[in-house]
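S.K.: Chains as they are written, first to last, in my numbering: chain V, 5 to 483; chain D, 345 to 867.
Source of the hints: derived by calculation from the structure; they are not laboratory data. Some hints here could point you the wrong way.
Said to hold, decoys possible - Derived DSSO-like pairs (lysine-lysine); straight-line CA-CA distance at most 30 Å: (1) D:Lys388 x V:Lys289; (2) D:Lys433 x V:Lys289; (3) D:Lys392 x V:Lys451; (4) D:Lys601 x D:Lys613; (5) V:Lys116 x V:Lys149; (6) V:Lys473 x V:Lys64; (7) D:Lys392 x V:Lys357; (8) V:Lys451 x V:Lys289; (9) V:Lys64 x D:Lys388; (10) D:Lys627 x V:Lys64; (11) D:Lys388 x D:Lys348; (12) V:Lys91 x V:Lys271; (13) D:Lys601 x V:Lys18; (14) D:Lys388 x V:Lys451; (15) V:Lys91 x V:Lys101; (16) V:Lys91 x V:Lys289; (17) V:Lys357 x V:Lys451; (18) D:Lys513 x D:Lys461; (19) V:Lys451 x D:Lys348; (20) D:Lys811 x D:Lys739; (21) D:Lys348 x V:Lys357; (22) V:Lys357 x D:Lys811; (23) D:Lys461 x D:Lys388; (24) D:Lys348 x D:Lys392; (25) V:Lys101 x V:Lys64; (26) V:Lys271 x V:Lys289; (27) D:Lys513 x V:Lys18; (28) V:Lys64 x D:Lys513; (29) V:Lys18 x V:Lys289; (30) D:Lys513 x V:Lys357; (31) D:Lys513 x V:Lys289; (32) V:Lys91 x V:Lys18; (33) D:Lys433 x D:Lys513; (34) V:Lys116 x V:Lys271; (35) D:Lys348 x V:Lys289; (36) V:Lys91 x V:Lys149; (37) D:Lys433 x V:Lys473; (38) D:Lys601 x D:Lys627; (39) D:Lys433 x D:Lys461; (40) D:Lys461 x V:Lys18.
The chain contents come next:
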Amino acid sequence: MTTNPTIPLTTPVKAVNIGAELFADALRTQGVEAIQLQWQPPPAALAEFQGSLAKMRAGKSAQRIAAANGRAIAALNAADPWWIDMKPAIEVVPGLKRNMILKSGPPLPWEKSCPTQQNGVINGILHEGLADTPEAAVELIRQGKVEVASANDYAIVGPGAGILTPSMIVNVVEDRATGKRGFCAPFEGPNQGGLCGWGTYSPEIRRFLLELNDTIGPLLSRILRAEGGIAVRQIITRGVEMGDETHTRQDAEGLILINRLLFLLMKHEPSPSAARDACVDFLEKTERFFHPIGMASAMSVTQSLKNIEDSTIVTTLCGNGVEYGIKVSALGDQWFTAPSPQLTGMYLASDAKAGDTLPWIGDSSVLEAVGLGGFAAAASPAVARLLGRTFGDAVAQSRELAEICLTANRNFLVPALDYNGSPTGIDILKVLETGILPAIHGGMISKTGLRVGAGVARVPLACFSGAFKTYLNQLFKIQ
Amino acid sequence: MLIKCIIRTNEYHDSVFLMGVARQAGQIPGVRRAALGMGTAMNKGLLKDMELFEESADAASPNDLIIALRVADENTLAAAQAEVERLLKEKYAAKSGGGGFQCGAPAHRTIAAACAKEPGLNLALISLPGEYAVAEAAKALSQGLNVYMFSDDISYADEVMLKQLAREKNLLMMGPGCGVAFVQQVAIGLASKVNPGAIGLIAASGSGLQETMVQIDRLGEGVSHAIGTGGRDLRDEVGGLATLQALDLLEADAQTKVIVLISKPPGAKTAAAVLERVRVCRKPVVVNFIGGTPESVTAAGAHFAATFGETAERAVCLARGEAFKPRDTDADLREIVERETAAHAAGQRYLRGIFCGGTLAEEAMMVMRPLLSEIHSNTGLLPEFTLKDVRVSEKHTIIDIGTEDFTRGRPHAAIDPAPRIERFAAEAADPSVAVILLDFLLGYGCHDDPCGIMAGPIAGAIANAKKSGRRLSVVASICGTELDPQRASAQLRKLLDAGVIVMPGNAQAAQLAGMIAAAAQAG
Numbered sequence: 005m006t007t008n009p010t011i012p013l014t015t016p017v018k019a020v021n022i023g024a025e026l027f028a029d030a031l032r033t034q035g036v037e038a039i040q041l042q043w044q045p046p047p048a049a050l051a052e053f054q055g056s057l058a059k060m061r062a063g064k065s066a067q068r069i070a071a072a073n074g075r076a077i078a079a080l081n082a083a084d085p086w087w088i089d090m091k092p093a094i095e096v097v098p099g100l101k102r103n104m105i106l107k108s109g110p111p112l113p114w115e116k117s118c119p120t121q122q123n124g125v126i127n128g129i130l131h132e133g134l135a136d137t138p139e140a141a142v143e144l145i146r147q148g149k150v151e152v153a154s155a156n157d158y159a160i161v162g163p164g165a166g167i168l169t170p171s172m173i174v175n176v177v178e179d180r181a182t183g184k185r186g187f188c189a190p191f192e193g194p195n196q197g198g199l200c201g202w203g204t205y206s207p208e209i210r211r212f213l214l215e216l217n218d219t220i221g222p223l224l225s226r227i228l229r230a231e232g233g234i235a236v237r238q239i240i241t242r243g244v245e246m247g248d249e250t251h252t253r254q255d256a257e258g259l260i261l262i263n264r265l266l267f268l269l270m271k272h273e274p275s276p277s278a279a280r281d282a283c284v285d286f287l288e289k290t291e292r293f294f295h296p297i298g299m300a301s302a303m304s305v306t307q308s309l310k311n312i313e314d315s316t317i318v319t320t321l322c323g324n325g326v327e328y329g330i331k332v333s334a335l336g337d338q339w340f341t342a343p344s345p346q347l348t349g350m351y352l353a354s355d356a357k358a359g360d361t362l363p364w365i366g367d368s369s370v371l372e373a374v375g376l377g378g379f380a381a382a383a384s385p386a387v388a389r390l391l392g393r394t395f396g397d398a399v400a401q402s403r404e405l406a407e408i409c410l411t412a413n414r415n416f417l418v419p420a421l422d423y424n425g426s427p428t429g430i431d432i433l434k435v436l437e438t439g440i441l442p443a444i445h446g447g448m449i450s451k452t453g454l455r456v457g458a459g460v461a462r463v464p465l466a467c468f469s470g471a472f473k474t475y476l477n478q479l480f481k482i483q
Numbered sequence: 345m346l347i348k349c350i351i352r353t354n355e356y357h358d359s360v361f362l363m364g365v366a367r368q369a370g371q372i373p374g375v376r377r378a379a380l381g382m383g384t385a386m387n388k389g390l391l392k393d394m395e396l397f398e399e400s401a402d403a404a405s406p407n408d409l410i411i412a413l414r415v416a417d418e419n420t421l422a423a424a425q426a427e428v429e430r431l432l433k434e435k436y437a438a439k440s441g442g443g444g445f446q447c448g449a450p451a452h453r454t455i456a457a458a459c460a461k462e463p464g465l466n467l468a469l470i471s472l473p474g475e476y477a478v479a480e481a482a483k484a485l486s487q488g489l490n491v492y493m494f495s496d497d498i499s500y501a502d503e504v505m506l507k508q509l510a511r512e513k514n515l516l517m518m519g520p521g522c523g524v525a526f527v528q529q530v531a532i533g534l535a536s537k538v539n540p541g542a543i544g545l546i547a548a549s550g551s552g553l554q555e556t557m558v559q560i561d562r563l564g565e566g567v568s569h570a571i572g573t574g575g576r577d578l579r580d581e582v583g584g585l586a587t588l589q590a591l592d593l594l595e596a597d598a599q600t601k602v603i604v605l606i607s608k609p610p611g612a613k614t615a616a617a618v619l620e621r622v623r624v625c626r627k628p629v630v631v632n633f634i635g636g637t638p639e640s641v642t643a644a645g646a647h648f649a650a651t652f653g654e655t656a657e658r659a660v661c662l663a664r665g666e667a668f669k670p671r672d673t674d675a676d677l678r679e680i681v682e683r684e685t686a687a688h689a690a691g692q693r694y695l696r697g698i699f700c701g702g703t704l705a706e707e708a709m710m711v712m713r714p715l716l717s718e719i720h721s722n723t724g725l726l727p728e729f730t731l732k733d734v735r736v737s738e739k740h741t742i743i744d745i746g747t748e749d750f751t752r753g754r755p756h757a758a759i760d761p762a763p764r765i766e767r768f769a770a771e772a773a774d775p776s777v778a779v780i781l782l783d784f785l786l787g788y789g790c791h792d793d794p795c796g797i798m799a800g801p802i803a804g805a806i807a808n809a810k811k812s813g814r815r816l817s818v819v820a821s822i823c824g825t826e827l828d829p830q831r832a833s834a835q836l837r838k839l840l841d842a843g844v845i846v847m848p849g850n851a852q853a854a855q856l857a858g859m860i861a862a863a864a865q866a867g
């Protein structure tokens, strides 16, 4: 038996030292480069997985997993999302039904859902005209005549309570690299706390939603189709260079997009019209107009990460105010959930308290699945201050999260990371090896459904350990 | 209760900054709630939600700042407004310290991250507790790194798993329990530096490898590569995985002309497999299975050596194409023995050896066995004389001070001399002791002055013994070279000045000490 007959340790020797630093020093004194790893033992809760993880790294499975994750990385880097249309959800979202109300986060029985989301679903039923009173709406749900489903399972992003009804307009984003689509309803103008957002409903909200359907949606749809869509990737690329991390802050991205849209409105609707006025008014009042398009883009990209055999990449991250859930590529559409985490950050009002806010609710952390938000913290000095932290801390957060990622996203180059790509592609194996949990940026919502601040949370460990156990059971029978 | 919205026209601040100001404003006495925002439609809606909206805010444009306060009375309002305006002015005050781009920049927490950011990494050194070491070694190998593992408390199954993975990926898995390696002229672990040369070594013994390399250096030859395999590699549970791989590598390595194989006695099955591989090896192989017998080794066409000194001599002769001639040094030693025993007091009868190198302790026992009938120890080499209490010597005793009994919670004895200094004092004070035998390990990673730190206690003990009418003989060898950071010649001077009889190798030191003890017992 012979092996490759060269000494595998080649010159120059360059070492990484894990453990007592004297071993690194011994090399350094000889002029050999040695890097000390800031190694920390995995948390006690992870001790039980380390044996299986080591076997997985050492065994034949390692190559299969690496190859599978390589496909996911390729999809992330090749992603090319385009905002192509605005249409009522029922017309464009595959699998949607007339008697379906969508909401954010993993599925949850009606009784266990938080009141904010319950109210939102009831409002959705009323909005669709399926019932006349909240009581009748609840009865429809109990009888199964209205189906309450997770938006995420339909490639729809539901921010906040995530309420979406079949008739509501959605932004349609298509990843031109794969043809896969993601959807997200536009923010509802000045009343951002409206139906879609946080589960409240009012005559003003209703009026605005109908205006979207009748006036704004059709005009923007016509423009988008005439233009062949608007490329989103470039907008995010520029935004990340201009201080956006694209989740809590998308100011630059919004300006770039709205600037473009105003020119397009003049080009395609040269004469003053009620529809054009409505659009301009909508764009002026909807500060975070870009946000749903950014989220739908992320959703379109994550679609091609799904169902890659053996891949350990996280494809979905979201919460419903009670539970937080993830999905993992090789495990398809199975949810792995844990109690939803609380956010820490800054409140709009001086007297708001942690206990007033809901635990994480919303699908917006799909952005984190493609390397934005918490992973791109280093892109946004302003968001760093959300936590009362320094910009250095934000850079450190991105660097820390790189430890659990499969790649650096070449589409999102971060100046403060020396134009390295934002860390992208959460690997459940790396999470369980290090105990580093994904940081997710987002809005804080009060129990009554109002936006009260912004902050950051960490995805609960139990989501990853649950997924890993299933992964082992289903795919790797390790003796 | 008063709700007031103060408009500051054409003054933009970003929302995150304003939230910070609001938080501070909320701490002003009398302020019930405060919020600041640009005059956008959305923010006006939010102020209504927070019950902070007042008619005057309607006039604010998105370029105007709204300061919304809910306060007890007008006085509080004025104070709060002043404070908020002060906070707004402080906007540009820089935060001192702690921040900046480089905060936490170069630190990597995982091997994967280090590999991604540090091109050219090719070796991982692992000295974590065993429960973590396996996982990290697996990660390192899967990243294409060679591994040197000092950690030793891992299972056979894990060791086999790692070594098989290394072999599949054509990487070195040195360890678990690897103390010494010297690859590409780099001393890895607690190793001495030697000159480059034609002799390649494979060793399942750290101090055995170190001593052999040092003796090769002393004879003027050099080393191509010295691959440590970890002490258990030739047990049947592991099956010599790393040794067999290293034999392939060194046989193919152009610089290597002679191969040296060092191990404690192998498992029967593994010995057969390894010697079969040695038999077909195209290069001469010198084998030292510590305490082993020559028959099977010579049957495999290899050269048998009983001590590390002899191993080095045979390898050097093979490298130079000279015939090996055993040297008889006993004549030189007898003179020293006579001098020492003449000075011993009546009750001085016993030998005590205190070793940092475990294999050196075993070699000393093998060398002294023909001279002394009973050698107690904690090495396990002579099971019938295993010490009942490792802290209490009996008659002739050899202690490996590097075992878990002495090093629990401390670094290895080659790094931390304290346990040996303590033990030395106890042995030196024992009036039945005639001779104390010591080894001194030099090299990168070892204590920076191992002889210097023992010199004082040794000189003191010899002087004390003299006051009590005894002659305390101290015999030692230095396992190190001139290329080591401690410099062997400088270390030698310190021992000689302290009154130590220093021999050129461990086997000779053991031989001399054994002869002194035998003579003391007889006299």
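S.K.: Now tell me if each hint is right for this structure.
M.R.: Results of checking the hints against the structure:
no. : hint                : result
1   : D:Lys388 x V:Lys289 : holds, 11 Å
2   : D:Lys433 x V:Lys289 : holds, 28 Å
3   : D:Lys392 x V:Lys451 : holds, 17 Å
4   : D:Lys601 x D:Lys613 : holds, 28 Å
5   : V:Lys116 x V:Lys149 : holds, 19 Å
6   : V:Lys473 x V:Lys64  : holds, 19 Å
7   : D:Lys392 x V:Lys357 : holds, 19 Å
8   : V:Lys451 x V:Lys289 : holds, 25 Å
9   : V:Lys64 x D:Lys388  : violated, 60 Å
10  : D:Lys627 x V:Lys64  : violated, 34 Å
11  : D:Lys388 x D:Lys348 : holds, 13 Å
12  : V:Lys91 x V:Lys271  : holds, 21 Å
13  : D:Lys601 x V:Lys18  : holds, 27 Å
14  : D:Lys388 x V:Lys451 : holds, 20 Å
15  : V:Lys91 x V:Lys101  : holds, 15 Å
16  : V:Lys91 x V:Lys289  : holds, 21 Å
17  : V:Lys357 x V:Lys451 : holds, 12 Å
18  : D:Lys513 x D:Lys461 : holds, 22 Å
19  : V:Lys451 x D:Lys348 : holds, 26 Å
20  : D:Lys811 x D:Lys739 : holds, 23 Å
21  : D:Lys348 x V:Lys357 : holds, 22 Å
22  : V:Lys357 x D:Lys811 : violated, 79 Å
23  : D:Lys461 x D:Lys388 : violated, 47 Å
24  : D:Lys348 x D:Lys392 : holds, 12 Å
25  : V:Lys101 x V:Lys64  : violated, 44 Å
26  : V:Lys271 x V:Lys289 : holds, 21 Å
27  : D:Lys513 x V:Lys18  : holds, 18 Å
28  : V:Lys64 x D:Lys513  : holds, 11 Å
29  : V:Lys18 x V:Lys289  : violated, 57 Å
30  : D:Lys513 x V:Lys357 : violated, 55 Å
31  : D:Lys513 x V:Lys289 : violated, 60 Å
32  : V:Lys91 x V:Lys18   : violated, 57 Å
33  : D:Lys433 x D:Lys513 : violated, 62 Å
34  : V:Lys116 x V:Lys271 : violated, 50 Å
35  : D:Lys348 x V:Lys289 : holds, 24 Å
36  : V:Lys91 x V:Lys149  : holds, 25 Å
37  : D:Lys433 x V:Lys473 : violated, 54 Å
38  : D:Lys601 x D:Lys627 : holds, 6 Å
39  : D:Lys433 x D:Lys461 : violated, 41 Å
40  : D:Lys461 x V:Lys18  : holds, 13 Å
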